[in-house]
Amino acid sequence: MGETIRQKADRVGTFRYISVFLMETLARWIPTTPELEAKVFFGRQVWDFAQHADWLGRRTGELRSPMQWSLQPADGYLRVLQTMAGATGTMERLAGLHDGLMPDLEARYRDYIARTDRLNDEPTVRILERILFDFERLRADRAAFPAIRPDLTLADAGWPARIAAMARAETDYVSSRAAARAAATAS
Amino acid sequence: MSAPADRTKTVNGVVLVADPAREPCFTVVQTDAELQDWPDMSEISRRERLHRHMNNETGAIEIAARCLVDFPDASWDLRMSLARQVADESRHASLLLRRLKELDGEKGQFPVANFEWGVTLMLDNLPGRLAVQNRTFEAGLIDILGTMRNRWREVGDHETADLLEGILADEVTHVRFANRWIKRITEEDPRNLLKVAMAVRYLGQVLARLEPKVGETNAAGSTWTEERRLPPAVNIEDRRAAEFTEEEVAEVLRQAGFRSILPSLAAGN
Amino acid sequence: MAPSDTARPPLDPRLFGDGPARDPRFTVREVWAELENYPDGTPERDHEFLHRQMNEEMCVMENAARSLADFPDADWSVRKGLARQCADEARHTMNYHRLLLARGGHVGQYPVTNFQYRILGRIDNLLGRLAVQNRSFEADGLDAATHALAEARAKGDEVLAETYDAQQADEVCHIRFANDYIKAQLQQSPRVGLQIARALNLCAEAFAQVFAGGGEDVEKYGVAVEARLEAGFSPEEVEVAVRQSNERRAAVRARLGLT
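Chains as they are written, first to last, in the working numbering: chain P, 1 to 187; chain E, 1001 to 1269; chain G, 2001 to 2259.
No lab work stands behind these hints: they were computed from the structure.
Just to be clear, a hint being listed does not mean it is correct.
Claimed, not checked - Computed, partial: chain G to chain P, Cβ under 8 Å: (1) 2029; (2) 2093; (3) 2101; (4) 2162; (5) 2166; (6) 2173; (7) 2230; (8) 2235; (9) 2238; (10) 2239; (11) 2243; (12) 2245; (13) 2247.
All values reported here derive from a predicted model rather than from experimental measurement.
Ideal Cβ placement from N, Cα and C applies to all residues, glycine included.
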C-alpha cells in the first residue's frame, strides 16, 4: 500500500466511523421496528459493531492518532450510509444493511488487507480479519432470518441492489484523500 | 423532564413517551389494571409471566438502544456497556420467546404494557435515564428474578429457572456498570447528583399516580391486595454484586418492610 | 575468538548476565568495538545496519518475553503491554530480516552483540527493567528512528521509510505503557523510585563498558521531541533529554574536530 502511518490511521479511523455509524443505526431502528424477531436480530448486532469500533479505535491510538478516534468518510460514501440508514421497512433495513452495504464494506476490508504490508501492519490486519470472521456469522444469521419470519418481504425489491450499487460507485471512502483529490482537480 | 423528539401519550393524567413499535399481534395496554396476571403458578400464569417478561426485556433493548442514539458524546466505555446491554437484552427476549413457545404460548397471547419505556424516555439526560432504568427498574428485576427463579424451581420447571438465572447474571452487570458510571460522574461533578435525584423523584411521582391500588382488579380478575403490592424479596447478594452499597441495600430492605431478610445478610453482618 | 578479547578487560559480571540463545549462524561479540562499524556512506554500512537492527529487535523481544515470565504477579495491564511488545518486536525482527535478504544480505553475515539482554538480566525488578529498556533504550531508538525515517525519505528509500514509520508508531506505544505503569507505581509508593535509580545507574556503568572506544559518538541526530511527548514523557523530561543530547553532541563534535 505504501501509506504513511497517518494515512493508515485515516483509513482505520474511517472504518471506525462506519462501525459506530452502523451501531447507532441499528440502535435507532430497534424501537421503530415492530417485529420482535427483527428487533432482537438488530439488537444482537449492535454489540458486534460496537466491538469492531472498539478494536479499530484502539488501533487508531497505536497509529499515532487519538484512541477511539473516528474520521467521517468522504461525502459520497457518507451519503450511501445515510441512504441505507434511512430505510423504514423492516426488510429494507435488514437487507439494505446485509445485502447492500456489508458486502461492499467487506470488500473494502479485504482490499485493505490485500494492499497493506501484512507484516508491517499486522495489528490492523488481525483486527480486520477478526471483523471478517464476525461478518461470516452475521451473514449466516441474515441467511437464516427468512426461515424465522417467512412472512416478511421487501416492499421495494430493488432496494438492497441499489444500496450495493451506490456503495460500489464510491471508490474513495477516506475523506482526507478524497478532499486532496478534489483540490488537485480544482487546481 | 421533557422528550421533545418523541410523541407522548397521557395515562391517568401522567404524560409519558408514546409506545415503541409493536407488531399487530400485540395488544398494548397502558395500566397494570389492563394486564392479565395471576398470582399463582398455574399454566396460564406461567405463560403470562414469560410473555410479560419477554416484553419487558424488549423494552430494555429499546431503552438502551435509545441511550446510544440520544447521547453520542457519552464516554466510549459507557457506550460500549450500553451496546452490550442491547445485545444481552436481545438474547433475553429471544430466550423467553423460545421458552414461551415450548410451553405452548405465543406472541401476543396476553396484553403488554411499555411503562418503563414511557417513563425513562421522558428523561432528557443520561444520568437520569440510567438512574431510573438500570439502577431502579433493572435493580428491581434483580429482586424479581431472585424470587421467581426459586418459584419456578419449586414447581419443578428447572429449565425456566436456569434461564432466569442466566438472565440474572447479565442484569447484575447492567446495574453494576450504571452504578459505577453514576458514582464516577457524580464524583466528577456533583451537579449530576441533582439530575439523578430529579429523575428518581419524577419516577416516584409517576408511580404514585399509576400504581394499582388495593382492591383494584386486573384484566384477569385478580385483585390487588396489600401483600401483592409489596416489593419482591430483596436479592441482597446480587444487589451487592451489582455494587449497591450496604447502606443502599439496607434502605431497600427498609422500604420492603424487612419482610424477607435473606440469611446471607445476617451472615454478612 | 573475538578480535579484541585479548586487548580489553572482561565485562563486569555484576553488570552483565548471560546472553540469549542464538543459532550457530550468529557470531556473538561482547562490546561495540568488536562489531563491524562501517563509516557512513560505505556500501556495507546499510547491510550491517539492517543485520544489527534485526538482532537488536530480537533482544528487545527477548527482554519483554523474559519480563512476562519473570513477573507473573505484575498488573494485567502491564503484562498485556509486554505481550503486545513481544509480538511487535517479533514483527520488527522479521521486517529487518526480510529487508536484509531482499537486499542481498544473510543471517550471520556480521557479528552481533546482545548487551541489552545481558544488562537487563542483572535487573531483578520490573520497574527497573522498564525504566531501562522501554524508557531509555526504546526512547533512544525513537530518536534514531525519527532521524532514520527522514534520511530514508530523503534518499527515496520508501520501503525502509515505511518500516521506520511503522516501527516508530509501535515504539511510542511501548514507551507509553511503561511510562503509565511507572507513573502509577511511583504514585502508589515513591520509594520504588530507588529501584529505578539503581537500574539506571547499573545501565550507565554497563554502557560505559560496552561502548568504550567510540560507540557513543553519535552526533547526527538529537531528541525526537514530538514523539517523546506522544510516548508519555513530560515536557520537563523531554527538555532535560534535549539539553543532555545537545551537550553530548557538542562534546562529540569537539572530540571529532567537527566544530
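So, going through the hints one by one against the coordinates:
no.	hint	result
1	2029	violated, 28 Å
2	2093	violated, 10 Å
3	2101	violated, 13 Å
4	2162	holds, 6 Å
5	2166	holds, 5 Å
6	2173	holds, 5 Å
7	2230	holds, 7 Å
8	2235	violated, 18 Å
9	2238	violated, 17 Å
10	2239	violated, 22 Å
11	2243	violated, 25 Å
12	2245	violated, 22 Å
13	2247	violated, 29 Å
Going through the hint list in order, the structure does not satisfy hints 1, 2, 3, 8, 9, 10, 11, 12, 13.
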